[in-house]
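J.: What follows is each chain in one-letter form.
There are 2 protein chains.
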Amino acid sequence: MKINGNFQNMEKNYLFAEVAARSAAYAKAHPEKKLLRMGIGDVSGPLPAAVVKAMKDACDEMATKEDFRGYGPYEGYDFLREAISGYYASLGVTVDVSEIYVNDGAKSDAGNIGDLFDRDNLCLIPDPVYPVYVDSNLMAGRPVEYLRACPENGFLPLPQMDTKADLIYICSPNNPTGAVYDREGLKAWVDFANRRGALILFDAAYEAFISDPALPRSIYEIDGARTCAVEMCTLSKLAGFTGVRCGYTVFPKELERGGEQLGALWLRRQSTKFNGVSYPVQRGAAAAFSKEGLAQAMAGIAYYKENAAIMAETIGSFTRYWGGANSPYIWLECPGKRKSWEYFDYLLNEKQIVATPGAGFGPGGEGFLRLTAFGDREDVLEAMDRIAR
Amino acid sequence: MKINGNFQNMEKNYLFAEVAARSAAYAKAHPEKKLLRMGIGDVSGPLPAAVVKAMKDACDEMATKEDFRGYGPYEGYDFLREAISGYYASLGVTVDVSEIYVNDGAKSDAGNIGDLFDRDNLCLIPDPVYPVYVDSNLMAGRPVEYLRACPENGFLPLPQMDTKADLIYICSPNNPTGAVYDREGLKAWVDFANRRGALILFDAAYEAFISDPALPRSIYEIDGARTCAVEMCTLSKLAGFTGVRCGYTVFPKELERGGEQLGALWLRRQSTKFNGVSYPVQRGAAAAFSKEGLAQAMAGIAYYKENAAIMAETIGSFTRYWGGANSPYIWLECPGKRKSWEYFDYLLNEKQIVATPGAGFGPGGEGFLRLTAFGDREDVLEAMDRIAR
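Residue numbers (the numbering used here), protein chains in the order written: chain Z, -6 to 382; chain S, -6 to 382.
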């Protein structure tokens, strides 16, 4: 029996597992110090009340023989797919119910979608970026090419004359840099992909943070995207679902490769390796898209955006940064030309602030650091006070 | 961009999707007829009250800033892993908390575990069997060899002198045949695997249906299993979690291949492609293993076992069958030497009973049919009455 040797090409630990381990070690050694956690992109707020009510009602249904539900549809219940389709409509984007596939979070789909693709496809992945795109492709043995994001291109690289790619990962608003493509930028990628027959895997996890109407919240706002792009999204950041687990992926009907409709292929994959999302969770997710639920969710987003603005002001006083508007992330240049993990350790040991080292997002992240705006206001204010001192 | 060509080696539709499509077409054409569903192995009973209460309490926690929980541990919360470890202890089996990895259902892990293995491993898979083992390996491009299960070996094949295998799938109690290995049978497989360095992937999804103390409920009851076997289990059948989604996989600490601890490799896979199970679901699962929850769950199991006994009596009066005791499945020989899909269509069209054609579980299932005992008592009695007529 041979194990998958590709695991040796990956970092030993998943980035956030390493951050958690270092901060846990510090906390254990210094139980008297208060750690301020601005590392992992996890929300701190409670669930919207409408979501909690819907989930509890669904639990009650499951307690009776009449209303009990067993296995659900692999692609998700229509009541939720309709709610998601309605959310898209509110953004001015048409996505049919049949094009929506519900999942237990965007990370699962971002990782598992590779099952649909041949091992020889060349993956073009921004650097720095959310580690799942690189790790899941290394695990599958696919060649990965980095697309350099840097201050010179505003962390928003565009296709060049000599760019080669079969699978293109785009995350906008970007994790970790907070940079957001405008319509012209995404249009350049869509045209490139359609010309080459490449596929864009568009991660829209942070779309709800966009308030600038000049910036697209879905790749389907761009002409031509329906023949070249899959869009992945989640309720994790929109409605605080990091511990509840629900997201969705869109495969437009027109999206075909090798004579196969990718959505049909995905359904075949999901029906083989997945059994759908928990029924109470799907009810909660549908409630998040209701008028009441969405108002509660957007109040949470506004709170985090205000955090980001506060952070941006302090950080901008001593170094360069990106993001902080239309994004929950602030991406800053480590002062004094320090390396990422060095500055991470400095903030942990001297300021008791947990950040995420930029180098963990790829070689292009070296010398940068990510801070998240998902904390309590009080903690954000204290952290900025500690940093400013 | 090239799609994964291995999809062409799989059946176009997942078996149960095809069964659902045919019965839906019949129901649409004959809205006045009452269909009795004994096809998909889905439970019909409500959730145990203790589970519902725990889930609702967890939802309430998520509604407050103080008790809110975001991302959980990739391997599951310790409160649930401890409950599972305690359940093993009640079976007389020692499984440490650190060896337990919580998931959203055994199907996900049975499908995704292939990520750990090289593509060249030879998979030995019983025929007939639950389609996920074959489909997920075909999707990955792994060679599959069938292990013939038939009336002559009681649907419990044993390793032979010339048996070759790297990955061995065993499901006991078996889906679909209901056959259960005794200790000697499993010992033969464990010894074989240890001798060859092969790995057993043991699916214990139906262990709670075993009431005969002579039959093992976990492969870890067998000496030597800890160095050659992964065990996958689920709450779907134990506590009616088909729509709630929670299961677990055990990687013993001693289980190593190629110098790597498989549990560590699995955690690396999960942390890359999975973000844990919904918190309220994990609370519900832990409650299912409480004294009160387990008593409620076992009352449900007893109800289904009584169904199986009723079915076995009728079916035994006109054909040979296997299972029906220590299992929720009855595996019957189609009367009159009919083919599986032919008898399936006969039962659907003439008796309005939805079964599962044996041929859907592999070529060795041709000429057989699976019935499940998960229905309402009233429906079971009516179905047996219709069949007997």
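Please note that the accuracy of each hint is not assured.
When chains are identical, the list treats them as one kind, so a pair holds in a single copy or across two.
[As the list claims (entries may be wrong)] Straight-line C-alpha distance at most 30 Å; calculated DSS-like pairs for lysine-lysine:
#  : residue 1 : residue 2
1  : Lys46     : Lys5
2  : Lys27     : Lys58
3  : Lys180    : Lys330
4  : Lys46     : Lys284
5  : Lys(-5)   : Lys298
6  : Lys27     : Lys298
7  : Lys5      : Lys246
8  : Lys58     : Lys(-5)
9  : Lys330    : Lys284
10 : Lys27     : Lys284
11 : Lys27     : Lys332
12 : Lys344    : Lys180
13 : Lys157    : Lys298
14 : Lys58     : Lys46
15 : Lys(-5)   : Lys330
Just so you know, these hints were derived from the structure itself, not from any lab.
All of these numbers come straight from a predicted model, not from anything done at the bench.
J.: Now, for every hint given, state plainly whether the structure supports it.
T.: Outcome of the hint check:
1. In this assembly of identical chains, Lys46 and Lys5 lie within 30 Å of each other by CA distance neither inside one copy nor across copies; the values are 41 Å within and 40 Å between.
2. Taking identical chains as interchangeable, the C-alpha atoms of Lys27 and Lys58 lie at most 30 Å apart only when they sit on different chains, with a minimum of 18 Å there against 49 Å within one chain.
3. Taking the shortest Cα distances, Lys180 and Lys330 never come within 30 Å of each other, neither inside one copy (35 Å) nor across copies (61 Å).
4. In the homo-oligomer, the alpha carbons of Lys46 and Lys284 lie at most 30 Å apart both inside one protomer (14 Å) and across protomers (28 Å), since each shortest distance falls under that limit.
5. Taking the shortest Cα distances, Lys(-5) and Lys298 never come within 30 Å of each other, neither inside one copy (48 Å) nor across copies (40 Å).
6. Only within a single protomer do Lys27 and Lys298 lie at most 30 Å apart by alpha-carbon distance; the minimum there is 24 Å, versus 55 Å between protomers.
7. Taking the shortest Cα distances, Lys5 and Lys246 sit within 30 Å of each other only across copies (18 Å), while inside one copy they are farther apart (39 Å).
8. Taking the shortest Cα distances, Lys58 and Lys(-5) never come within 30 Å of each other, neither inside one copy (47 Å) nor across copies (47 Å).
9. With identical chains, the CA atoms of Lys330 and Lys284 are never at most 30 Å apart, being 47 Å at best within one copy and 59 Å at best between copies.
10. Taking the closest pair of Cα atoms, Lys27 and Lys284 never come within 30 Å of each other, the shortest separation being 38 Å inside a single copy and 39 Å across copies.
11. When the C-alpha separation of Lys27 and Lys332 is checked against a cutoff of 30 Å, the pair qualifies only within one copy, where the shortest distance is 25 Å, while the shortest distance between copies is 69 Å.
12. For the identical chains of this complex, Lys344 and Lys180 are neighbours neither inside a copy (43 Å) nor across copies (57 Å), given an alpha-carbon limit of 30 Å.
13. In this homomeric assembly, Lys157 and Lys298 never come within 30 Å of each other (Cα to Cα): the closest approach is 36 Å inside a single copy and 59 Å across copies.
14. Within a single copy, Lys58 and Lys46 get their C-alpha atoms as close as 21 Å, and across copies as close as 16 Å, so both meet the 30 Å cut-off.
15. For a Cα distance limit of 30 Å, the shortest separation of Lys(-5) from Lys330 qualifies neither inside one copy, at 44 Å, nor across copies, at 43 Å.
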